[in-house]
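K.L.:
Residue numbers (this note's numbering), protein chains in the order written: chain X, 1 to 660; chain C, 1001 to 1121.
Check the hints yourself; a few may be wrong.
Result set (SDA-like, lysine to any residue): computed pairs, CA atoms no more than 20 Å apart in a straight line [stated by the list, open to error]:
#1 C/Lys1117 - X/Leu236
#2 X/Lys77 - X/Asp121
#3 C/Lys1117 - X/Glu244
#4 X/Lys193 - C/Lys1116
#5 C/Lys1117 - X/Cys180
#6 X/Lys193 - C/Arg1074
#7 X/Lys414 - X/Lys311
#8 X/Lys208 - C/Ala1088
#9 X/Lys183 - C/Arg1074
#10 X/Lys243 - C/Met1089
#11 X/Lys208 - C/Glu1032
#12 C/Lys1045 - C/Glu1032
#13 X/Lys237 - C/Asp1064
#14 C/Lys1107 - X/Thr58
#15 X/Lys202 - X/Asp121
#16 X/Lys193 - C/Ile1118
#17 X/Lys183 - C/Met1084
#18 X/Lys237 - C/Lys1116
#19 X/Lys73 - C/Val1111
#20 C/Lys1019 - X/Arg284
#21 C/Lys1019 - X/Gln8
#22 C/Lys1117 - X/Pro351
#23 C/Lys1116 - X/Ile235
#24 C/Lys1117 - X/Gln8
#25 X/Lys183 - C/Lys1019
#26 C/Lys1107 - X/Asp238
#27 C/Lys1116 - X/Leu236
#28 X/Lys243 - C/Leu1112
#29 X/Lys73 - C/Lys1107
#30 X/Lys237 - C/Ile1118
#31 X/Lys237 - C/Ala1114
#32 C/Lys1116 - X/Thr58
#33 X/Lys183 - C/Asp1109
Distance ranges between label pairs, derived from CB positions [as the list claims (entries may be wrong)]:
#34 X/Gly425 - C/Met1084: 51 to 59 Å
#35 C/Phe1119 - X/Glu230: 42 to 50 Å
#36 X/Leu252 - C/Asn1020: 46 to 54 Å
#37 X/Leu207 - C/Asn1020: 30 to 38 Å
#38 X/Glu16 - C/Asn1020: 34 to 42 Å
#39 C/Met1084 - X/Gly630: 28 to 36 Å
#40 C/Met1084 - X/Ile246: 27 to 35 Å
Just so you know, these hints were derived from the structure itself, not from any lab.
Quick reminder that beta carbons are idealized off the backbone N, C-alpha and C, glycines included.
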Amino acid sequence: MDNRQYLQMFFDESSEYLQLLNENVLLLEGDPENEEVINAVFRAAHSVKGMSATMGFTKLTDLTHKVENILSKVRNKELHINEEIINLLFAGLDHIKQLIEDIKNNGEEVSDVRDYLNQLDDFLNRDQNSGQASVREVTAQEYDFTSYLSLSEEEQQEIAQKIKEQDAIYNIEVVLDESCLLKNVRGYMILKKAQELGYLAKSYPTLKEIEDEDFGLSIYFILVSSMFTEDMEEILKDIVDVKEVILEPSELTIFPAVKEEEAREDKQKSPKSLANIQVAPTVRVDINKLDLLMNMVGELLINKTRLEGLKISSEIYQDIIQQLDRVTMELHHIVMQIRMVPIGGIFNRFPRMVRDLSKELTKEIELVVEGADTELDRSIIDELGDPLMHLIRNAIDHGIEHPAEREKKGKSSKGTILLNAYQKGSEIIIEVEDDGAGIDPDFITRKALKKGLVTTEEVENMDDKEKLYLIFHPGFSTSEEVTDLSGRGVGMDVVKRVVESLDGQVFIESEQDLGTRFIISLPLTLAITQALMVKIDQEIFAIPLGAISETLMINPNDIRQVRGQDVIVLRDTTIPIVEGSCKLNLNVEYGKYTEREEISVVIITSGERQVGLIVDELLNQQEIVIKSLGNYLVNTKNISGATIVGDGDVALILDVRNIA
Amino acid sequence: MSKKVLIVDDAAFMRMMIKNILLDGGFEIAGEAENGRQAIEIFKKIRPDLVTMDITMPELDGIDAVREIMEIDREAKIIICSAMGQEAMVIDAIQAGAKDFVVKPFKPDRVLAAIKKIFSN
């Protein structure tokens, strides 16, 4: 069978199981007796084994099988979770992951896992509480039924109790096929079937023994029955995996005894049916299809806006527009919902990493995760994994101090890393916070100077905050010795680049000896947003609503001057104002606005900064579909994208983060 | 008319595998469930001619699911999909009323042979 078609699914699902395993083994470490978790781990390992075996990945199957053995012992309370087991399990998970990576990259299992398998074997053997194996010798093939089974005096009497006039006694041997899997179960089914055919007087192995007995390929039994031999033979032969049935009348003759039978019926009452639980069925969908769907919704939206632009004065038209508006809104909403996934998906990777790294570095670190159920657009989540991992690694490596050092500073020996996500307006905020050493701005500047990233003059004009942000400079890495963790070439600049490519921002807050906080702010979604349309020099521009705190009409008299910069005072806050046309480099004469009677100002907020953007006219608020400007124009200053407006024209979207 | 089958397994991968084997064998897939609880619900609704049942599953395992399904329909035909090393559990499931079992990794002809036997009886 060609298994290639299943490969992608295998990768997807096995990595989900791996994730689950990592999480749960970690839980086990803290709560070794939790049976629910043990069972979950067992099930997941079991599933991975089944999948690997089916795909024909022998190393993976072997490995997971052995890991499952350990888990099975834990489940049966033959083993108790200790650090050694946890480490073995984690190592096992890493090997599994490696093998799957191998398959992904090379199409075969390249890694050598023999050492690990031996380690597991050693462990299992060492821990075997010398359980006595009860393997019965299966003797020569020479056929002599009585050498396997013969009836004692008592057993013969028992038959006498059961036998009826028309009954006969048979010696039966059922031979199983060599390829038979789970022989015991098959044997069990054969004996069960035999019981339906008549009275099963004796068998080797017995029904009780059969579960844990190695009985070769044959099952022997003595059956008392009134059926025709051919019928019995046929019925037995019809059982799956049965190769041969040897059936002959016994030489024994037993006459019915006088009997009084009490019909005993064991009515097994199953537990009453459990509460009705409605499980909504789910489907897996290719993410590309969702992107496509989102695109289509975008197109629909554009056309709806165009339709609205027609402004036909007809009742039917108004009605249709309203309906269309409602439907497209809902459609958009649903598509968005589908694309949203909880950020927990990537957060869950980190506990394991923190555990491993803190052990490696002999630091005591607790990772606190909050807001794991905060939802974000799938495409954003996928990109976030690496930057977050980098930030957390940095926090472990550079942030949190060694226990002794922490105690000297009067802090608890155990450091804490807080990973937090929450929604704030139309933005999602993700914070990585540690209570470690903090970042020393002067250390950063010294480094930057040494690497020639900045000049002494530039540094002199920098405040502490600006100095901190130097770590985002490409080619900056503070790690003195390159450890296994951070400082492996992937610097903070990558973090910044990824976040910015997602239309987000990174901020740093740091205080010496108190800790550092990295704040990532991201838009809820990338595709469709509400925007305020404004006119600047006859052109229409869109300003994303999320960045606008308010709009004002001001009088030229309201404008003050602070250090040569025009400002307005709004509720005791001084806000600088800038001219849109100037920011956008439009070909008009700047500064004309002071001659107007009323000036339209849009107050834009980005992070902590606020700026008033002067525009010619405020138009309307509408949903816009964000389109990228394409590779050639991607770095256009103050423009983040484009959208299509009602009349089919293109409107540019202002990059408010840069303007503010 | 082709027989309707309900596939129960917590791994979508396994369900896909079984599904394709059964489809090739001329069966109709009437439903899929990823745990015992769901299996029972779907069983009630669609009354399949055959159920393929995994053993280790979250929520409700295959053995209990077999018990409950047999309670609902004493004639239900359930075939256990087991892995090596689950002897005792398969026996439990057979005791509970499952008709037969197949062992992972699945060989299509074996699976189909087992199913055909169930229907021929």
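K.L.:
Compare the structure with each hint and give your call.
P.N.:
Right, here's what the structure says about each hint:
1. C/Lys1117 - X/Leu236: OK: C/Lys1117 and X/Leu236 at ~12 Å, within 20 Å.
2. X/Lys77 - X/Asp121: 18 Å, holds
3. C/Lys1117 - X/Glu244: Holds, at about 17 Å.
4. X/Lys193 - C/Lys1116: The hint holds at about 18 Å.
5. C/Lys1117 - X/Cys180: 16 Å, holds
6. X/Lys193 - C/Arg1074: 18 Å, holds
7. X/Lys414 - X/Lys311: 66 Å, violated
8. X/Lys208 - C/Ala1088: Holds. X/Lys208 to C/Ala1088 sits at ~11 Å (cutoff 20 Å).
9. X/Lys183 - C/Arg1074: Judged against 20 Å, a Cα distance of about 26 Å means the pair is violated.
10. X/Lys243 - C/Met1089: Given that 20 Å is the threshold and the Cα spacing comes to 24 Å, the pair is violated.
11. X/Lys208 - C/Glu1032: 35 Å, violated
12. C/Lys1045 - C/Glu1032: 12 Å, holds
13. X/Lys237 - C/Asp1064: 30 Å, violated
14. C/Lys1107 - X/Thr58: 16 Å, holds
15. X/Lys202 - X/Asp121: Violated, at roughly 39 Å.
16. X/Lys193 - C/Ile1118: Holds, at about 14 Å.
17. X/Lys183 - C/Met1084: The hint holds at about 10 Å.
18. X/Lys237 - C/Lys1116: 14 Å, holds
19. X/Lys73 - C/Val1111: The given pair, whose Cα atoms are some 30 Å apart, is violated under the 20 Å limit.
20. C/Lys1019 - X/Arg284: Holds, at about 16 Å.
21. C/Lys1019 - X/Gln8: 17 Å, holds
22. C/Lys1117 - X/Pro351: Distance ~50 Å between C/Lys1117 and X/Pro351 Cα, so the pair is violated.
23. C/Lys1116 - X/Ile235: With Cα atoms ~15 Å apart, C/Lys1116 and X/Ile235 stay inside 20 Å; holds.
24. C/Lys1117 - X/Gln8: Not OK: C/Lys1117 and X/Gln8 at ~33 Å, beyond 20 Å, violated.
25. X/Lys183 - C/Lys1019: 26 Å, violated
26. C/Lys1107 - X/Asp238: This hinted pair holds, its Cα atoms lying about 19 Å apart.
27. C/Lys1116 - X/Leu236: 16 Å, holds
28. X/Lys243 - C/Leu1112: 18 Å, holds
29. X/Lys73 - C/Lys1107: 29 Å, violated
30. X/Lys237 - C/Ile1118: Holds - the C-alpha atoms of C/Ile1118 and X/Lys237 are around 14 Å apart, at most 20 Å.
31. X/Lys237 - C/Ala1114: Holds - the C-alpha atoms of C/Ala1114 and X/Lys237 are around 13 Å apart, at most 20 Å.
32. C/Lys1116 - X/Thr58: This hinted pair is violated, its Cα atoms lying about 30 Å apart.
33. X/Lys183 - C/Asp1109: With Cα atoms ~18 Å apart, X/Lys183 and C/Asp1109 stay inside 20 Å; holds.
34. X/Gly425 - C/Met1084: 51 to 59 Å: Given about 55 Å between the Cβ atoms, the range holds.
35. C/Phe1119 - X/Glu230: 42 to 50 Å: 23 Å, violated
36. X/Leu252 - C/Asn1020: 46 to 54 Å: 52 Å, holds
37. X/Leu207 - C/Asn1020: 30 to 38 Å: 36 Å, holds
38. X/Glu16 - C/Asn1020: 34 to 42 Å: The hint (34 to 42 Å, Cβ to Cβ) is violated, given that X/Glu16 and C/Asn1020 are roughly 21 Å apart.
39. C/Met1084 - X/Gly630: 28 to 36 Å: 55 Å, violated
40. C/Met1084 - X/Ile246: 27 to 35 Å: Cβ of C/Met1084 to Cβ of X/Ile246: about 28 Å, so the range 27 to 35 Å holds.
Hint compliance for this structure: hints 7, 9, 10, 11, 13, 15, 19, 22, 24, 25, 29, 32, 35, 38, 39 are not met, and every other hint is.
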